[in-house]
Amino acid sequence: MAASFVRSCSRASRAITTVRFMSNVPENTVYGGPKSQNPNQRVTLTQLRQKHRKGEPITMVTAYDYPSAVHIDTAGIDVCLVGDSAAMVVHGYDTTLPISLEEMLVHCRAVARGAKRPLLVGDLPFGTYESSTNQAVDTAVRVLKEGGMDAIKLEGGSPSRITAAKSIVEAGIAVMGHVGLTPQAISVLGGFRPQGKNIASAVKVVETAMALQEAGCFSVVLECVPPPVAAAATSALNIPTIGIGAGPFCSGQVLVYHDLLGMMQHPHHAKVTPKFCKQYAQVGEVINKALLEYKEEVSKHFFPGPSHSPYKIASRDLDGFLSELQKLGLDKAASAAAASAEKMEPSDSSSSQ
Amino acid sequence: MASSLTRNCSRFSKAISVRLMSNLPENTVYGGPKPQNPNQRVTLTHLRQKHRKGEPITVVTAYDYPSAVHLDTAGIDVCLVGDSASMVVHGHDTTLPISLDEMLVHCRAVARGAKRPLLVGDLPFGTYESSSSQAVDTAVRVLKEGGMDAIKLEGGSASRITAAKAIVEAGIAVIGHVGLTPQAISVLGGFRPQGRNIASAVKVVETAMALQEAGCFSVVLECVPPPVAAAATSALKIPTIGIGAGPFCSGQVLVYHDLLGMMQHPHHAKVTPKFCKQYANVGEVINKALMEYKEEVSKKVFPGPSHSPYKITASELDGFLTELQKLGFDKAASAAASAAENMEPSKRDHDALKMVEKLKRAGLSFDLLAYNMLSGLFSDKNKADEVYELLSDMEVAGLMPDSITYKLQHYHVH
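Chains A and B, in that order, give the protein sequences.
If you read the first sequence in UniProt numbering, its first letter stands for residue 1, the second for the next number, and so on.
If you read the second sequence in UniProt numbering, its first letter stands for residue 1, the second for the next number, and so on.
So that you can see chain A by itself, here it is in the shape it has in the complex:
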């Protein structure tokens, strides 16, 4: 008995000690009410660091609303990124440029409500952090304060970006960098074009990644670069790299939710599915089939059947209802109601026996 007591004590103290150092939430959440906050459940920077050290790949997927966040949480994905890719996959624009900060914050909040375990990273959308370092810090603050995120991601490796990243880190906000193909810069890039394919570009990828590390980033996303370039950057950095279209030598991988699920089966969309993305399901097909079946069942008067028409009115009330309808002069309605009641209760005919 004493032994088990000692064991539970040490377990408790272990929980207290480790949680305190690992969590990004205060140890006691007295105002949180009876709901157990479970701070040690949330993936933290330290856990990512450990995975990186052990060579275990980090998994990251984008989410934009409550259901997708719940799905990512349930599947045990490490990091949930509320990406500005929402502009394309949720809002249907052709680029990531049109989405505003207000819209991103709405997405962030919905995701925060759904994903309790993955680390939450919010993208800074185009136009909200490039003007000045002040603007960048203000935006990052809103993403954490109003969006409920744990960290932010920003694109690019120009000197002003490195400075911005540094200021955001100094403001106490964890930053994930993003180099290679940076979709917000398609204007200068001339489209969604892979980077790092020539010497200068390849060296730039490595150098900017290192500068971002120097600025205090905890991780860097490498997008659409040849695998050897990604391998070089991953090797040169102490922090983990998260790749997308960058080959298998990164410390982790990220994919867009809709792309990996095959959400858009429409031929128009099939041609814009990125070649580096594997479709792990054909959700678009499943949805299409379900909707067609619903349409068919409604059109043929099959749905709703009795099992999906659960609400009843007691026969006494029904009779009163029919009388009232007749008083109002709605005789046709009264007989329609009476007929339907009979149709819904096929046992009446046998009950008179």
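Heads up, a few of these hints could be off.
As the list claims (entries may be wrong) - In silico lysine-lysine, DSBU-like type, Cα no more than 35 Å apart, as pairs:
id : chain 1 : residue 1 : chain 2 : residue 2
1  : B       : LYS203    : A       : LYS327
2  : B       : LYS237    : A       : LYS278
3  : B       : LYS299    : A       : LYS197
4  : B       : LYS311    : B       : LYS331
5  : B       : LYS288    : A       : LYS289
6  : B       : LYS237    : B       : LYS288
7  : A       : LYS54     : A       : LYS166
8  : A       : LYS275    : A       : LYS289
9  : B       : LYS237    : A       : LYS116
10 : A       : LYS343    : A       : LYS332
11 : B       : LYS299    : A       : LYS54
12 : A       : LYS51     : B       : LYS274
13 : B       : LYS115    : A       : LYS278
14 : A       : LYS312    : B       : LYS165
15 : B       : LYS115    : A       : LYS343
16 : B       : LYS311    : A       : LYS278
17 : B       : LYS299    : A       : LYS275
18 : B       : LYS326    : A       : LYS204
19 : B       : LYS115    : B       : LYS144
20 : A       : LYS327    : B       : LYS144
21 : A       : LYS116    : B       : LYS288
22 : B       : LYS326    : B       : LYS277
23 : A       : LYS332    : B       : LYS358
24 : A       : LYS300    : A       : LYS312
25 : A       : LYS289    : B       : LYS274
26 : B       : LYS165    : A       : LYS300
27 : A       : LYS275    : B       : LYS300
28 : A       : LYS197    : A       : LYS54
29 : B       : LYS237    : A       : LYS312
30 : A       : LYS332    : B       : LYS331
31 : A       : LYS51     : B       : LYS326
32 : B       : LYS50     : B       : LYS300
33 : B       : LYS165    : A       : LYS54
34 : B       : LYS277    : A       : LYS312
35 : A       : LYS278    : B       : LYS331
36 : B       : LYS165    : A       : LYS327
37 : A       : LYS204    : A       : LYS278
Worth flagging that the hints you see were computed from the coordinates, not collected in a lab.
Starting from the known structure of chain A, fit chain B onto it as the hints suggest.
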């Protein structure tokens, strides 16, 4: 020739009749070269015709571009941007928290995706109850900024009927909504079915009729017993759209996420409405896919070569390695070099070919199966030269390539 002229004329006049049916200007000269196809969008007239013929109208909710595209592709009649977004998209427990600005974002995304269904936008809680002018202002924004074709508002109190009338007079089509009105759970005491006693049942019919009187083109009946819905449907000239209201309505509506079984988490399973049929288990499909992705990344199986398409030419790579070394990144340089080798299985293929040579020199001959396998291997890597070499080898060995040989080559090389 005369008959074809007549046919052309009648086709032309039919096109003119489209003008009367569409809710878009006939010519969209500013729309540019994209054909506007005004007769593609479902209109109130289409719905009226369906109702007259007794053909059930299908309605499903959508909240973003992909769901809108899905509804369009499936040929659903009406796409409702519901304030149910508050629950299924934003994860709140009720429909109350969503704001008009958030609804407008949903509306715009849906408008971008659904070109054929009639688009109806819900007026969210708190944006139309104060006064008729507030109601009209909100409805105007939903059409102007949200890109919707019509609006839906809840309730049948006198002020709501007045508001509905004012909105119709502003030129905006309105769908009414009676029975369980989720925005009113405060007075209803929860999501409780209505029309289960005489007074309530009569009220459902009366308010539906009042909304028709005010100019609504349709009324949603939510969570009422089927006989009550049947009475209302019979009493009205406009179509009723039911949800949890039995099979006697003029049409049906369901929430996208509910009908697709989007939420498989146990916590959500218990809040799936009993009147909703799950036509799929999308949540399960998604869960399975995400777990597989997680597994493949963790085991370093993804991305494989077929999902690592971006290449750097050998000369650029060499220059890159040199630059890295100049910068003092020797470890990085060797990582890059071995990565490049790893990604280029040509070394392996080259070894395979060399092995073939060795075995042939040793006097071993290959059968058709072996040649087919090698052919497939090389074709997969687009090694056209090696494939042709194999084919000539086979010829020398006196083997005829069969359909499988060609199929493998065709499948992979193309």
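Identify every previously stated hint that the structure contradicts and give their numbers, smallest first.
2, 6, 9, 12, 15, 20, 22, 23, 30, 32 and 33
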